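Engineer: Kindly produce the complete structure, drawing on both the sequences and the hints.
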Amino acid sequence: MFSVDNLTVVQGGKRLWDGISFSLTAGERLGISAPSGFGKTTLGRVLAQWQSATSGQILIAGKPLEKKGYCPIQLVPQHPEQSFNPYRTTGESLRDAWNPNAHWLERMVINPVWLQRRPDELSGGELARIALLRALDPRTRYLIADEVTAQLDAHVQAKIWQVLLAEAAHRPLGLIVFSHNKSLLDKVCSRIWIPEKENKASCYVKTHLGLAM
Numbered sequence: 001m002f003s004v005d006n007l008t009v010v011q012g013g014k015r016l017w018d019g020i021s022f023s024l025t026a027g028e029r030l031g032i033s034a035p036s037g038f039g040k041t042t043l044g045r046v047l048a049q050w051q052s053a054t055s056g057q058i059l060i061a062g063k064p065l066e067k068k069g070y071c072p073i074q075l076v077p078q079h080p081e082q083s084f085n086p087y088r089t090t091g092e093s094l095r096d097a098w099n100p101n102a103h104w105l106e107r108m109v110i111n112p113v114w115l116q117r118r119p120d121e122l123s124g125g126e127l128a129r130i131a132l133l134r135a136l137d138p139r140t141r142y143l144i145a146d147e148v149t150a151q152l153d154a155h156v157q158a159k160i161w162q163v164l165l166a167e168a169a170h171r172p173l174g175l176i177v178f179s180h181n182k183s184l185l186d187k188v189c190s191r192i193w194i195p196e197k198e199n200k201a202s203c204y205v206k207t208h209l210g211l212a213m
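Number 92 in the numbering used here belongs to position 92 of the sequence shown; there are no gaps in the numbering.
Bear in mind the hints are in silico, worked out from the structure with no lab data behind them.
Nothing here was measured: the structure is a model prediction, and the numbers come from that model.
Quick reminder that beta carbons are idealized off the backbone N, C-alpha and C, glycines included.
Just to be clear, a hint being listed does not mean it is correct.
[What the hints assert, rightly or not] List of simulated lysine to aspartate or glutamate pairs, EDC-like, C-alpha gap at most 20 Å:
(1) K67 x D137
(2) K68 x D96
(3) K68 x E167
(4) K187 x E147
(5) K159 x E196
(6) K187 x E167
(7) K159 x E126
(8) K159 x E147
(9) K159 x D137
(10) K67 x D5
(11) K67 x E106
(12) K182 x E28
(13) K182 x E196
(14) K63 x D5
(15) K187 x D153
(16) K159 x E106
(17) K14 x E196
(18) K182 x D137
(19) K187 x D5
(20) K68 x E106
[What the hints assert, rightly or not] Each pair of labels, with its calculated beta carbon distance range:
(21) G69 x A26: 17 to 27 Å
(22) N111 x S55: 38 to 48 Å
(23) N6 x A154: 35 to 45 Å
(24) P86 x L65: 23 to 33 Å
(25) G27 x I194: 21 to 31 Å
(26) H155 x R117: 16 to 26 Å
(27) E92 x S123: 11 to 21 Å
Structural biologist: Given below as structure tokens:
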């Protein structure tokens with residue numbers, strides 16, 4: 001169980017999130033949809049321990065996250081180039097986490113040649129696929145995807161979500177999906193949270209999931 005308890009995030013003097021609480025079980029797929037500037041990206045960074053919350057707790061199985069070692073909550077940001085060292089090849093950055101085989105590259109529609117290149121030599125869509133593969137390290141228990149397939153064409157996007165949904169079911173892997181595309185969230189998420197003003201929210205649980213992409 002991944003739990004967020006009374007989380008508050010203040011940034012630049014602005015209170016982005018005020019005392020929010022929610023939980024996510026392994027294998028569950030939570031969609032979060034809100035307008036640009038609402039603070040979704042900042043929330044993702046806080047949940048993945050990329051930056052600190054002002055107050056509140058993030059718990060795994062009822063315990064605070066360890067500060068050292070591999071973080072079981074992985075974030076793939078909306079701008080994946082931000083997560084790569086610009087002076088190293090993407091393959092070197094990938095292998096810092098784990099060393100997926102050729103079958104994984106095929107599943108994620110990744111040309112092996114891309115792994116020999118630096119981030120500035122690849123497109124946003126190519127980097128997004130490599131960043132997702134890196135985040136799918138077998139140690140990952142919860143994956144935060146921030147508009148990660150927005151730069152992909154429909155065919156590749158469908159393939160990537162098939163992989164993510166399969167991993168969610170079989171590991172099981174919890175998914176938090178940030179997207180403006182409510183049609184996508186309806187297809188891939190079991191629960192959708194729509195934050196509103198003052199962080200009040202409407203939330204609905206889908207009883208029939210259209211998972212075919």
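Engineer: All the hints need checking, so say for each whether the structure fits it.
Structural biologist: Evaluated hints:
1. K67 x D137: This hinted pair holds, its Cα atoms lying about 18 Å apart.
2. K68 x D96: OK: K68 and D96 at ~16 Å, within 20 Å.
3. K68 x E167: 25 Å, violated
4. K187 x E147: Roughly 15 Å separates the two Cα atoms, so the pair holds.
5. K159 x E196: Not satisfied, since the Cα-Cα distance of roughly 32 Å exceeds 20 Å.
6. K187 x E167: 16 Å, holds
7. K159 x E126: With Cα atoms ~14 Å apart, K159 and E126 stay inside 20 Å; holds.
8. K159 x E147: Holds - the C-alpha atoms of E147 and K159 are around 15 Å apart, at most 20 Å.
9. K159 x D137: It holds: about 18 Å lies between the C-alpha atoms, which stays within 20 Å.
10. K67 x D5: Within the cut-off at roughly 18 Å; holds.
11. K67 x E106: 34 Å, violated
12. K182 x E28: 17 Å, holds
13. K182 x E196: Holds, at roughly 15 Å.
14. K63 x D5: 12 Å, holds
15. K187 x D153: Distance of about 17 Å is within 20 Å: holds.
16. K159 x E106: With a Cα-Cα distance of about 10 Å, the restraint between K159 and E106 holds, given a limit of 20 Å.
17. K14 x E196: Given pair K14, E196 holds - Cα atoms ~16 Å apart, limit 20 Å.
18. K182 x D137: 28 Å, violated
19. K187 x D5: Roughly 28 Å between the alpha carbons, so the hint for K187 and D5 is violated.
20. K68 x E106: 32 Å, violated
21. G69 x A26: 17 to 27 Å: 19 Å, holds
22. N111 x S55: 38 to 48 Å: 45 Å, holds
23. N6 x A154: 35 to 45 Å: 40 Å, holds
24. P86 x L65: 23 to 33 Å: 28 Å, holds
25. G27 x I194: 21 to 31 Å: Holds: the Cβ-Cβ distance is about 22 Å, inside 21 to 31 Å.
26. H155 x R117: 16 to 26 Å: Holds: the Cβ-Cβ distance is about 23 Å, inside 16 to 26 Å.
27. E92 x S123: 11 to 21 Å: Roughly 19 Å apart at Cβ, these two residues keep to the hinted range, so it holds.
The structure shown violates the earlier hints numbered 3, 5, 11, 18, 19 and 20.
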